[in-house]
Amino acid sequence: MMLTILILLPLLTALILAMSNAKASRTVALAGSGIQLLFSLLLLQNYLTERAAGNTALFLFESSSAWFPALNINFHIGVDGISIAMILLTASVVFAGVLVSWKIEKMTKEFFLLLIILSAGAYGFFISLDLFLLFFFLEVAVIPKYLLIGIWGSGKKEYSANKLALMLMGGSALVLVGLIGMYYNSGNSFDLVHLSTFHIPFYIQKIFFPFLFIGFGVFTAIFPFHTWVPDGHSSAPTAASMFLAGISMKLGGYGCLRVATYLMPEAAQYYSGYIVLVAAIAIIYGAFATMMQTDLKYINAYSSVSHCGFVLLGIGMLTKTAITGAVLQMVSHGLMTALFFAAIGMLYERTHTRAVKELGGLMKMMPFISTVFFIAGLCSLGLPGFSGFVAEMTIFVGSWQRSGMFYHIATILACMSIVVTAVYILRATGQSVMGPVNNPKFLTLTDAHWNEKLAAGVLIVGIVAIGVMPFWLNDLVSPGAEAIYNQLSRFALLK
Amino acid sequence: MLFPLAVLGLLAISSGWIPFGEFVSTDGKVLATETHLDFSILPVALSLGGIVIAFVFYKSTTAYPDRIANRLGSFTHTVKNKFYIDEIYLFVTKKIVFNLVGRPAAWIDRNIVDGMMNTFGAAAQVFSFSISGIQSGRVQNYAAYFLTGIIGLALLFIYVWIH
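Chains A and B supply the protein sequences, listed in that same order.
Our numbering puts the first residue of the first sequence at 5, with every later residue one more than the last.
Our numbering puts the first residue of the second sequence at 4, with every later residue one more than the last.
Since the hints were derived computationally from the structure, they do not count as laboratory data.
Worth double-checking, as some hints may not be accurate.
Cut-off 20 Å, straight-line C-alpha distance, at most; resulting in silico cross-link-like pairs (DMTMM-like, lysine to aspartate or glutamate) [as the list claims (entries may be wrong)]: (1) B/Lys32 with A/Glu353; (2) A/Lys445 with A/Glu353; (3) A/Lys161 with B/Asp117.
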């Protein structure tokens, strides 16, 4: 029941938004997203209570009801620790996104409506235990992005919206082919729990795994299908950028892990070398490409390509620690990149530029926003005390556990990217907010308002909580990661 | 300035004794650490030696430090310029990494990788435009396509049947 409420909450918010006027829509969206955040914390508490009471079932709060019986499609939902972490991430980013969009004037009601529908899609995706349902919610989380960028975006927004929608639709099409392949080779079932116990023949796995992995991979900016990221993120309004980088890219990582790797464990092992290779390219190539960007949004977008490469690296390494690290990285990057985009949005709203060269000395006028910007940067470069360090460190340790020269070289290359990240992050943050004030007009600018402080605060609490006390998140996601690892080990014996 | 330096100095001396391994580890278990005196003696002795030499040189009013500096010649110059670490760093990052790696990577991404995706999009558009004439709405044309298809299939079947 709790999970059904989780879907109903944003839908109810969207319904009230549709009936409210533009002025009230802000309050409705804030109240709705705030309740979602509180409810996700309640869900976490109930989940931990169930686990503490000795409930060892893989998925909790499971419920299933027939949706389309002719095709054996059910409204089957349930959560494990990984899903809970993703739900918390979604709730935090959406709440912060509503807050930073407080001053949006153009079609206010419609903007918040689409943002809330996006969150419904993300929640639904993370709790689905039926693959058709999961695909349905994946699509729900794609369409509003097109409108958000196309209507409220900036720069070459039509081009970016088209590119993003077409590429993500292309990814979805690949996912659909993979799902249908699984359906017809598993006794006509979309049920994730059933499929996890069913052994799909290895030759079938070899055919359909690439469809699923690449399809979901497009969402998580797998090389070379990452080109929607820089244009999409840079043209999107702040809240949409936060959602795109913070949550949307995680849908892909979650799908790669939960669907492709979990349900086709033999193919995951067969293709693991290719996944690691592509991930290592994304990490290094993304980092170097970021180095030459001059627009703050492009810097964060390209760095997201690199950071999401770590997620794929963790998945590709197939060790328990690396898989746990991949999940930690999804949460960490979601919070960090949302914070980064929020800070960039705050700077842009005041200075009307995102060009690093035109900024400078903003710390004097905007100490709060500049500090937020720095925190996001330091988390991005993996400074201890922030979530980025915990996630990347876990991935490195887990990756090194995978034996073989190729995997060790990939791990070393991934580690070295930290230096490149430090170069571009320190350069961008230093030039933007430190040093002399480049433009006299900046001297009259004001610092963050209450809504911006609250938005940044919510995200920073998450980043620091993971950075300082990593075990609460680690303990939450570890059983889910272990289940995926056990699945890999179980079917490795059949090879 | 003396006070913050003194605080930092005290922290530098004392923080090494904090058992960080008990608080931070990868698996939640306490990380076993131990002190190897044979490993610690050399760096500590070098640091203390440096402090003593600096104290002797800069607290004394003799011309002895200048004499040594002059005698060491270019080495003194190198030390004064911090072993040119900043210059080397700037050369490596700006001239090598930025120009030879970063710039080509960004160019390749914009023009080749993204260009490839745009080419796919443009090709789909061109193909779509090229076949748009087929959807003319003229039934006679559709019948002609249909007939051509049937003849083509018939010829194919005859060919397969003969061989």
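Results of checking the hints against the structure:
The suggested pairing of B/Lys32 with A/Glu353 is violated, with an alpha-carbon distance near 47 Å, which exceeds 20 Å. For the suggested pair A/Lys445 and A/Glu353, the alpha carbons sit about 14 Å apart, so the restraint of at most 20 Å is met. Only pairs whose Cα atoms come within 20 Å are accepted, and A/Lys161 paired with B/Asp117 is accepted, the gap being roughly 16 Å.
Hint violations for this structure: number 1 only, all remaining hints satisfied.
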